[in-house]
Every structure is written in C-alpha cells, then in structure tokens.
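Residue strings, one per chain:
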Amino acid sequence: MEYGQTRQLRQVHTYDTVIVGAGGAGMRAAIEAAPRCRTAVLSKLYPTRSHTGAAQGGMAAALANVEEDNWEWHTFDTIKGGDYLVDQDAAEILAKEAIDSVLDLEKMGLPFNRTPDGTIDQRRFGGHSRDHGEAPVRRSCYAADRTGHMILQTLYQNCLKLGVEFFDEYYVLDQLLTEVGGVRHSAGVVAYRLATGELHVFRAKSVIYASGGCGKFFKVTSNAHTLTGDGQAAVYRRGLPLEDMEFFQFHPTGIWRMGILLTEGARGEGGILRNTHGERFMEKYAPVMKDLASRDVVSRAIYTEIREGRGCGPEGDHVYLDLTHLPHEQLDAKLPDITEFARTYLGIEPYTDPIPIQPTAHYAMGGIPTTVHGEVLADNTAVVPGLYAAGEVACVSVHGANRLGTNSLLDINVFGRRAGLAAAAYAATAALPELPEDPAGWVERRIEGLREATGSERVAVLRAELQETLDANVMVFRTEQTIGAALAKLAELRGRYAEVSVQDKGRRFNTDLLEAVELGNLLELAEVMAACALARRESRGGHYREDFPHRDDVHFMRHSMAYREVAADGTESVRIDYKPVVQTRYQPMERTY
Amino acid sequence: MATAAPDPGAAQPDAVPVSPSPGANLMAVTFRIRRFDPEAAAEAFWQDFRVEIDPKERVLDALHSIKGEQDGSLTFRRSCAHGICGSDAMRINGRNRLACKALVKDLSPQRPVVVEPLKGLTVLKDLVVDMEPFFQAYRDMLPFLVTSGNEPTRERLQSPAQRARFDDTTKCILCAACTSSCPVFWNDGQYFGPAAIVGAHRFIFDSRDEAGERRLEILNDNHGVWRCRTIFNCTDACPRGIQVTKAIQEVKQALVTRRL
Chain A
1 MEYGQTRQLR QVHTYDTVIV GAGGAGMRAA IEAAPRCRTA VLSKLYPTRS HTGAAQGGMA
61 AALANVEEDN WEWHTFDTIK GGDYLVDQDA AEILAKEAID SVLDLEKMGL PFNRTPDGTI
121 DQRRFGGHSR DHGEAPVRRS CYAADRTGHM ILQTLYQNCL KLGVEFFDEY YVLDQLLTEV
181 GGVRHSAGVV AYRLATGELH VFRAKSVIYA SGGCGKFFKV TSNAHTLTGD GQAAVYRRGL
241 PLEDMEFFQF HPTGIWRMGI LLTEGARGEG GILRNTHGER FMEKYAPVMK DLASRDVVSR
301 AIYTEIREGR GCGPEGDHVY LDLTHLPHEQ LDAKLPDITE FARTYLGIEP YTDPIPIQPT
361 AHYAMGGIPT TVHGEVLADN TAVVPGLYAA GEVACVSVHG ANRLGTNSLL DINVFGRRAG
421 LAAAAYAATA ALPELPEDPA GWVERRIEGL REATGSERVA VLRAELQETL DANVMVFRTE
481 QTIGAALAKL AELRGRYAEV SVQDKGRRFN TDLLEAVELG NLLELAEVMA ACALARRESR
541 GGHYREDFPH RDDVHFMRHS MAYREVAADG TESVRIDYKP VVQTRYQPME RTY
Chain B
594 MATAAPDPGA AQPDAVPVSP SPGANLMAVT FRIRRFDPEA AAEAFWQDFR VEIDPKERVL
654 DALHSIKGEQ DGSLTFRRSC AHGICGSDAM RINGRNRLAC KALVKDLSPQ RPVVVEPLKG
714 LTVLKDLVVD MEPFFQAYRD MLPFLVTSGN EPTRERLQSP AQRARFDDTT KCILCAACTS
774 SCPVFWNDGQ YFGPAAIVGA HRFIFDSRDE AGERRLEILN DNHGVWRCRT IFNCTDACPR
834 GIQVTKAIQE VKQALVTRRL
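Residue numbers (our numbering), protein chains in the order written: chain A, 1 to 593; chain B, 594 to 853.
For the record, the hints were derived by calculation from the structure and aren't laboratory data. Accuracy of the hints is not assured; some may be wrong.
[Said to hold, decoys possible] Quick list of in silico lysine to aspartate or glutamate cross-link-like pairs, EDC-like style, CA-CA up to 20 Å:
1. 107(A) / 117(A)
2. 579(A) / 165(A)
3. 505(A) / 632(B)
4. 698(B) / 349(A)
5. 161(A) / 802(B)
[As the list claims (entries may be wrong)] Derived CB-CB ranges, DEER-like:
6. 632(B) / 580(A): 52 to 58 Å
7. 829(B) / 571(A): 57 to 63 Å
8. 503(A) / 776(B): 53 to 59 Å
9. 340(A) / 848(B): 30 to 36 Å
10. 725(B) / 12(A): 47 to 53 Å
11. 632(B) / 340(A): 36 to 42 Å
[To be verified] Partial chain B-side listing against chain A, Cβ under 8 Å, derived:
12. 666
13. 721
14. 744
Backbone N, C-alpha and C define an ideal beta-carbon position, used for all residues, glycine too.
Chain B on its own, in the form it takes in the complex (with noise of 0.2 Å):
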C-alpha cells in the first residue's frame, strides 16, 4: 500500500503481495519515491511503497510491481530492461544506476530504497526528465564520422591496436548517469557533460576519421573539457564500465599536445 511521506524516514506502510517466482524467498521492502506531476500538483513530494519482493530482483521490477499493482500513475521510462538501451537510469540510494541494473539486494534494502530522477535535467513528470539538453551536447560534438575523398571499394583498414584505442568509448548508451552525477554539470548547465565528451573520444581516437582536430576545438570552449576537475563520479556512475574520467583526461591532453 502507498502511503505520502514528507520525507525520507517517515512512514511505514503495509505489505502488498507481488507475484513471486516459484522458489523465491520474498522480503518486505519499502521504495521511496520522488513523485511529481505538474498537473496534479506543483510541489514535488515523496511517497513510500511497500512490496514483497525476491531481493535478487531489479529496481524496475519493483517499480513496475507498484506501478501494476498499486499506482498506475507512477511514471518512468524504461525499455529492454537489461541495461543496454539506457533508458531507466536514475537517482537511487543517491547514487546514479539503471533501475534495471540495480538489484535490491545490493541496496541495504533493509532499509528504504529511496529512487529519484537524475539531477540537473528538468524533471517532466516522476522520475522521467527532460533529456533533450543531455542529447543537444552530444549533436554538438559531430558524433559521426568524418572523411574526405573517395570511398575505399571495400573496408576501411584499421588495425586491431587502433580499434582498441577507442573500444572503451563505443560502449556508451546515452543513458545520462554520468553527466547527471557531474557537480560541474548540476552548476553549469552549459557544460557539455561527461557523455558527450565520450562521445567525442570515440571519434578523436578513431584512425579513420578526420574531424579530429574541430572536436577539439568545440571542447576548447569555455564549457568544454576544461570545467572537469576530475571528481570521478561520471565513472563510477557509468552502467557500462566506461572509463569516463580517464577518457576525458585524454582529450584535455589531446588539447595540450595537439597530438591524437
């Protein structure tokens, strides 16, 4: 059952079943949740839900078992539901992960699971906010390839060690974690943000590609590269294992040398 808390640490509502799977050792956990609906009300406010729930489960489990079985109102976005399409990531136990990543049992659910929207994106309704400043960065960056002169008949040649310099960066999927958990970002909202300066290094260090040299300068601007001060927590938010910090780092060197 829900009940409305005015903050974290308040209420302690009853426990509402879920379907279990076979076998399945249930425990009770509370998920405090961050509800806003502009049309409803202007105010954000917290609200606890409780459900009995198999600790190996995911955090989209349990938010869509609230969502099923107790508030069909609950917002938020979600997709293939195994961390790959990046579309669930948010705040919970204060900390950015995709809700689909994130199994309860690694959350001291002993106590309140307490889940909010990304900071620093407009919240739109929930816990879904709005992403298109996050996608915006990322189109400044020239995300594509670029050549010049006539197409090879087949492939492009590159070798394995110049396609592993750019391996850890083709692993982002958007998901905003790592720019939502910057401070310089929270502050700054002109700041690129950690993703799309991943976005840029795997381009910067693709042998093939020719825009090198104008990615650098767009991360030259005053929003750029420069505003990180290497606080790490893009990289400890990153669902996909991507050393984000580390790839940031080498496109202000890239900067400074002038050498990719």
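Chain A extracted, bound-state conformation (with noise of 0.2 Å):
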C-alpha cells in the first residue's frame, strides 16, 4: 500500500523552535534563537542558495558616516515612500535599528566597502533623503552590488560557527495548529524531504516562517524560481490572515524581457533613464528627487513613456538605463555585477552602450501579519501563541503599500532579529504543544494524491498561463475590468489544476512533484492578491488602479486582511476584512518627489 508505505517512512523530530526558510531572516533570527533554545532550521534549498543572495545595492541605516543623518529622516522617508500606509511604530523600530543592524553585520566580519578614513561606506538610493524630502542622501551600506550576496554569505557562516543544526532540501508543506482552552496555538510543522520523498514532523513549541516571497506567479520577474509563497500558503490553508497582499512591487529596472534585476545603485552611482528620444524623463515625473524616486513612482513613469510612444527599440516596449557616462572604474568598483549582466545575457558592453530594462516583479510587501515582535496575528489583534514571521513572508508592516530599496536587507535583519529572540523567550517557558491528530495527514494525501492522479493537465502549462494572466492583468497598472479578467481566468486555472499529473512518480529528489505542490501555492495566493486588489478602489504605492487613480485616505487608509473561507458545499473564498493603520507623528500628505 502506497499510504502504509508513507506512514512507515514518517519521523517526527521534537525542537523547541523551528525555523522555516533559511534566507536573511532565518539565519538571522537563528543567530539569536540557536544559542537559546534547541532550534532546527528547515529550508528546500540550501541555505546559500536563498534569494537574499540576489539582493545588490545595499542595505540602509543612517549611520551618518558621509554626510549628515538620522533615524529620524529614514523613519519618514520609510513612511512616505510606503505611501502611509505604514505602520509607523513599527518603521520607527526599523530605522532606530537599522545602525545595530549593520554594525552587527559588520562584527560578524560581512566585507562592506569602505571610505578612505575606514569606516563603513554609504550611497545613495531610491527615496531615502535628507531632511524630509530635501535632497537625496547617502544612506545605503554596501558591498560592491553583491550586499545581499555577503549578508547571505555572511549569516551562513556565523550559523555554521554557532552549530546551528539545519535540514537542507526539506520543503515544509503544512503548518500544525492545535487548540488549547479554545485558542489555537502553533504546534509545529510537516516537511518533505527531497532527497527520499519522506515525511518529517517536526513538533515545536515556536515556529518562526522566513520563507520569502511569492513572485513567480508573474513571469517577468526579478524572483527565483523558489519564491512560491510557500509559507504564506501554509497558514493562510489553515485559516489564518493575508495582509496587504494587492501590493507588490515592480522594480523600474529589470534586464527587459528578463527581469533580472539591475540595482538601484547603478542609479544611485549616477546612471539616467532616458526614453528613445534621449532624454531624462524622469525629470518631468520627479523633479527633485529624479530617477532616485520611489520604485512605484519610476516604474509607472516608465509604462507611461512606452504608452505614449517614446519607449525603444522596434517595438517601443522597453527603455533605457544609461551608465555610459560613467568612469569605467567606478562601473568596475561599484557595480562589477551587474555590468557583467548586461554582458552575459544581452551582450551589451556598459561601458559604451545603454541597457534596455523594462519593470520586473519583484517584492511583495504584503504578507503574513505580525507584531513589532514577529508574533503572527490571527486576527486584527489577537497572536498565534508560538507562531512568528520575518522578512518578505510577513507584514509588520513597515513597507506599507511600497517597499524602498535597501529597507528589505534592513527588515529581515531587524525583524530577523527580534522573531529569533522572540520565539526562543516563548520557548523558555511555553509547553511542547501536543500535536493534532494524524498530523501529516493532510500532506500525505496532497503529495500521494499528486503522484498517483492521471489527470491530462501539465504543470509547465498552468504555470504559463498564470504568469501571463499576471503580468497582462494585474501589474503596474490595474482596472477593474483587467483584475476581473485574472479572477475569471485563476478560477479555470484552479479548475484545471485539479486535473494535473506528474510524470515522475518516484521518491527520490521529486522536482516534478514539488513544482507540482508550488503551483498550487502560486494559484492560490495569486487569487488572495487580485481579490484584495479589486477591492481597494483607490490608488497607493504599488497599487495602481487606472479607474480610480487618486489615493483615498477616507476609505482606503487600512490594511487589508484576507482570510480563506470554505463553503458549505466545498467552495473557497476569499473574505476581506480591514485593519488599521498605526500613526504616530506623521500625518498623511500628498507624496511627492
């Protein structure tokens, strides 16, 4: 019997905290909670291989080294370019701790470059600026354009001095609740393992998500192949909340038709956009802060040059990032990768040549709810005991309706940070929760029910028709009609996935199965992001609706929470309640650059 099999094959590993995802701020919460509390950390890829990996330009905190700064100015900053839709306790923490941050990574011997006097070097970046709006300013810590790269490098190699225990290539596939006087608390997990197609419990008093983003349900993207929300999905299956999941982030300046990304530091180092005309049309959108404005903010101006006829090339459907003015060893010195991208995929020298880019999807901003402490919300007020959420999986929320650059590397350090510390308190004095009945139960189901179905649908297929929904739909620009026309088409998708079937029935390092299982995912939390877009009849950061293209702080000024709901007759949906948004000091007011 195929299920006698399985279930013969099941452990079940015992931890007080477990951590899902192994990218910035898994490692960086497993710093704080390894040396703890008994803690394993689980992740499909090996660690290295995370996507914190592919982040560039730099990581942001007002350390002041250059030129006049404070925490003060990035809070707002923070806020304004999240277009208020902040929590702004919470940016407050995010810009306060963002110099222990870096000087914390800095310790741990990441190599950021250098000023002449020795201390660690700073640039400008996207709508970080002086004095609320007054100028750009340098604030973005860097290593050459591979920060991500080193702070991925980096945190492995401080979990490997600390023993850290990890499980590499365990893909987890289900999140443990049990109820407990009425309030259901975090049990633990249910993993797969690549390698040999077992199932693996892991039961844990905390249970920290740090499993990144979901961005391959667009096909131009900035994304890995992994980002499939595969913890988002996990929780909100078992009932639990999606914040803010219409807002996603297109990066202005991915490779065109690529999407890989080409940081905001080249234009933090000078670089210009310019249309096929030649010129800086930035300018006319962002007059001050020019092709260093916010993400959402270049990436329309972008759209609106291609739709108005100037983009370039012969189809007009893409524009340019010029670095030609630029001496060549600051090229080499600043942004040796990211040159040598141009290089390789489009054989295009930078030196002499301006690089086609086109927006590329690229961060989702919205995300599992959390508190200051990472604590997972179950509602608008109420936490899951023992469950916890950091980096681009979760919603604190300090990046609002969008996200600025160099505020990513800085989010899963700090909240990296504090869900570590966190989950590891809870687990001092927390019970072992029991485990719910037949615990893999559900997982066992789905993958056998995969392995074994026959249905003439392929995943390669739905895949590329979801990803082009996406991207024709529900990206920089949004109507009703185009959100409705995605709705309309992941309902036949979801029908369709139904009838999908793998060709590779074995055990034994699966891929087929797994994309199988992430497909499932994408569709599903494509759905959550659409809905939630349909929704919210105003325009907001990321969130950019054609029909109602003003920002509408009566109506629209609170988070979004998504929540599945399962009729009677099996039929799913998603409801969409509301919270609040948390203000401090900064009133609302219109955002310009």
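Starting from the two chains in their separate frames, assemble the complex, guided by the hints.
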C-alpha cells in the first residue's frame, strides 16, 4: 500500500524552535534562537542558495558616515515611501535598529565597502532623503553590488560558527495548529524531504516562517524559481489571514524581457533612465529626486513613456538605463555584477551602450501579519501563540504600499533578529504543544494524490498561463476590468489544476512533484492578490488603479486582511476584512518626489 | 521528442516546439543529457532531447522546456537563474558551468550540447549530486571571522586597500564548479579542493581576522594546498571570475613565509 509505505517512513522530530527558511531573516533569527534553545532550520534549498543572495544595492541605516543623517529622517522616508500605509511604530523600530543591525553584521565579518578613513561607506538610493525630502542622502551601506550575497554568506558563516542545526532540502508543506482552551496554538510543521520523499513532522514550541516571497506568479520577475509563497500558503490554508497582498513592487530596472534585477544602486551611482529620444524623462515625473524617486513612481513613469510611444527598440517596449557617462573604474568597483549581467545576457557593453530595461515583479509588501516582535496575528489583534514570521513572507508592516530600496535587507535583519529572540523567549516558558491527530495526513494525501493523479493537465502549461495573466492584468496598471479578467482566468486555472498529473512517480528528488505543489501555492496566492486588488478602489504606492487614480485616505487608509473561506459545499472564496494603520507622528501628505 | 542514446553521437530525434519569445530566431538544438535514476535502473545512460530554442537563451531555459514539455522526470537543481545562487553548476560540453550563465549560442549548438552532472561528487539523480562532502570541506576551514577581546562600539576600521586585499574571494557562491573540475579532487576525495581554499583565503587575508595561522595549519595538511598542481581548471571553471589558482598560490606563499 502506497499510504502505508509512506507512513512507515514518517519521522517525528522535537525542537524548541523550528525556523522555516534559511535566507537572511531565517538565519538572522537562528543566530538569536540557537544559543538560547534547541533550534532547527528547515530549508527547501541549501542555505546559501536563498534569494537574499540576489539582493544587490545595499542596506539602509542612518550611520551618517559620509554626510549628516539620522534615524528620524529614515523613518519619515520609509513612511512616505510606503504611501502612509506603513505602521509608524514599526517603521520607527526599523530605522532606529538599522544602525545596530549594520554594525552587528560588520562585527560578524561582513566585508562592507569602506570610506577612505576605514568606516562603512554609504551611497544614495531611491526615496532616501535628507531632512524629509530635501535632497537624496547617502544612507545605503553596501558591498559592491552584491550586498545580499555578502549578508547571506556572513549569516551562514555565523550559523556554522554557532553550530546551528540545518535540515537542507526539506520542504515545509503544512502548518500544524492545536487548539488549547479555545485558542489556536502553533504545534509544528510537516516537511517533505526532497532527497528521499519521506515526510517529517517537526513538533516545536515555536515556529518562525522566514520562507520569502511569492513573485513567481509573474512572468517578468527578478524572483528565483523557488519563490512560490510556500509559507504564506501554509498559514492561509489553515485559516490565518494574509495582509496587504494587493501591494506588489515592480522594480523599475529589470533586464528587458528577462526580468533580471539591475540594482537601483546603478542610479544611486549616477545612472540615468532615458526614452527613445534620449530624454531624461524622470525630470518630468519627479523634479527633486529624478531617477531616485521611489520605485512605484519610476515604474509607472517608464510604462507611461512606453504607452505614449517614447519606448525604445523596434517594438517600443522598453527604456534605457544609461551608465555610459560613468567612469569605467567606478562601474568596475561599485557595479561589477550588474555590468557583467548586461554583457552575459544581452551581449551589451555598458561602458559604451545603454542597457534595455523594463519594470520587473520584485517584492511582496504584503504577507503574514505580525506584531513588531514577529508574532503572527490570527485577526486584527490576537496573536497565534508560538507562531512567528519575518522577512518578505511577513507583513509588519514597515513597507506599507511600497517598499524603499535597501529597506528589505534591513527588514530581514531587524525583524529576523526580533522574531528569533521572541520565539526563543516564548519557548523558554511554554509547554510543548500536543500534535493534532494524524499530523501528516493532509500532506500525505496531497503528495500521494498528486503522485497518483492521471489527469491531462501539465504544471508547466498552467504556470505559464498564470504568469501571463498576471503580467497582463495585475501589474503596474490595474483596472476593475483587468483584475476581473485575471480572477476569471484564475478560477479556470484552479479548476484545471485539479486535473494536473506529474510524470515522475518516484520518491527521490522528485522535483516534478515539488513544482506541482508550488503551483498550487502560487494559484492560491494569486487569487488573494487579485481579490484584494479588486476591493481596493484607490491608488496607493505599488497598487495603481487607473479607474481610481487617487489615494483615498477616507476609505482606504487601512490594511487589507484576507481570509480563506470554505462554504458548506466546499467552494473556496477570499473574505476581505480591514485593519487600522498605526499612526504616530506623521500625518498623511501628498506624495511627491 | 526524447530518445535513448547509447552514447554521444547517435540519435537524431524530432523537434518539439517550445513557447518562443516574440521575434526570436529559433533553432533546433539537441541536448544530450546524462540520466540516472537509482529507483528505476542501476546504470546511467545518455538521452537526447531536441528543442526549438532561441540560441540567446540559457541552457537552463532548455532544461526547463524539456522538463515542462517532454520529460517531467528530468531532475536538476536551480533557483535564481542568473548566476548568483550557485544551484545549477553542471558539466556542459565537458566544462563546468552554471546552466543559467551558459548561453546556447556559445556552445556550438549545431552539434549536440552534452550535459552531465559535476564530476567527483556522487550522483543522486540525473544532474543532482551529493553536495555534502563539498560543504564539509568548506566548513573545515573555519569560514567565519574570528576575533578576540571586547567588541568595538562602532564598526571595526578597515582601509579600502585592506578591503581590496580579499575582495576577489568574497565573490564565491559555493557552486562547486571549481572543486569538481580539479583532477586532484577527482582522484583524492580527501583533498579540500579549490572552493574550500578560496573560503579560507577570504578570511586569512581579512585584516580584521585573527585565525589566519589556524587556517594555514589546516591547509598545511597532506590533503591541503600542497596537493594543488596549478592546473588552472578551477580558474577556468569559476562562473564568478575568481582568480582561484592565484588565491591558492597566495595561501601557499603565506605558508612558506608565514607572513599574511
């Protein structure tokens, strides 16, 4: 019997804290949790493969090493950048703790670029300004254009130093919840071991999700193939909410058609965006910050140029990132990786030729709602005891409707650390929760169901249709009509997903099966994103509705909270509720750059 | 369509269209892939797949199209798809490369493009190898900053020149392309291999670090740097352009002179 066989192979592990994901947030959490309690880190990849490593430009902190700066200016920029949907108490924590976060990384060994006097060097980045928008400020601490790579390496190295226990290539498929006195507690997770196909139950007092984003539901994206929203989907399916999922960031400078990221640091170093007439078009849209306006503003400007016929190339479907006026030595020292990307993938020499770019789906501002301690919310106020989240999978919310560049490497360090501390503190006093009955049953049925399915639909086909529909309908510009079209297509795709079968029926390294599971997660989250986008009848940050082109603070100065509802007949729907924004000292103002 | 091929140079299968990007010039290319699934058969074999592909696309794109449209059981690791995560190192036309950085047009695609798993590491399935010995060698190098005394209040100071001293080896993404291209590693599984030495170099020459001597002692071992025969395969294989052989030579020199 197939089922019996799997059951025999099942293993149960017990830990104080289990961390799901080994990118920046997960490993930063592990560095706090592992010395304090028995900790395991589960990752579907080897830790150094995580997508934190692809971050390029830097990590914001008001160190004031090269010019006057302070954390209050950084707080303001973060709130304004997020179009006032940011929870202001959380933004203040982010900006204040940024300074120690960067210094901690330096002490762990991170090789930051240096100023002539040996301190950490800093450069300009989009949306970061001196004195509340007066002019760009040098706030981004960086290591060439591989800051994320150096953060990932440094955190991994420090995990090795501490002897952190890793379970590499373990894919978490389900969140276990146990009801104690009418309150749902986290009881652990169920993971599928890729190498063998075994199911492993991890029973733990606290669980931290740090499993990253879900950008792979778009076609043109900077995201890795593995960013499939596994953590978000696992908690959402268990009835927990997702916050602000309609807010997705489109980074202005992806390599044309491929979506590979070219850092905003390129513009921080003096790079300029140009249309087909060679005009520096950002002067029209953002007279002060120009090419360094916040990302949503720049991405809309690029598509406006393209729509109005000023795009480049025979099809007029891109614009140029021009670095040709910058000294070669500066490009070699500060932007070596992205100039190499242009050479490798486009055959273009950035010393002499401008680089064709287009906006690329980059970052989910929304995710699993948490408190400033990383505690996961079950509704607008109550936490789920023992459950934590940090990094892109989470929504604190420090990014609001649009994240500033360099604030995500910061987010994973500040809130990864906080979640690690909070989870360890909780584990120190909490009792080990009972596992629910048949803890791996749901995963087993899902896995074996997919393995045995004989339907005619193919994962690659459905995924391509999903990506094309979201690119066409729910990207930089949205309307009720386009979102409606996406929702209709998603309903069709979810119906067809029930007919998906995999060709690989084996147990070892069955990536065919894994991709089928990932597609299910993407379809579920795409529907949440589209439903929230339809309900938000205003434009704010990364969410732009052409049919409602203005911000509407009266009706929509609030976070979306999406819940999965299952009707008596089994049909699923997205129920949308709202949560107030935390405001402290900043009143919403018109957002100009 | 896929066909079994006993060895490179045999089959001429039919072309199967893949979804082309608009305006692309498609070309029919044969990918000759080393297959191994221990659950199905004890022996590895070659299999040819023919795909219609824009030659400007990556080998990884071809592998995805084969997996998606021809044979879902084709197994390989990948993640970022632009040469920064290090998941998809493999042997392509006899040379170690990242599948996401190897463009089809640069691989003489008129002839079959031969794709195999990395050499010197146990093959688990198709193009997936056991990375554990590779990571163990890296872990053996104390690959983390070691300091003593009280932590400074602010950052440790380091001049741009001191920082530049080890810049090259900070680029390593632990993809194993270098180590698994090294003939010494193929023949001596105990040799730490180039990547581990690169990992040690990154800290030995960091002005903030205090464990250089300990790492040099580890590398003075008979499976350490002295096994390097300066073949330069590692330097050629590195997808990050690290001067691997030079880094190994610098470690050897530091051992001789004991001067960091």
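(request) Against the structure, test the hints numbered earlier, and report the numbers of the ones violated in rising order. (result) 2, 8, 10
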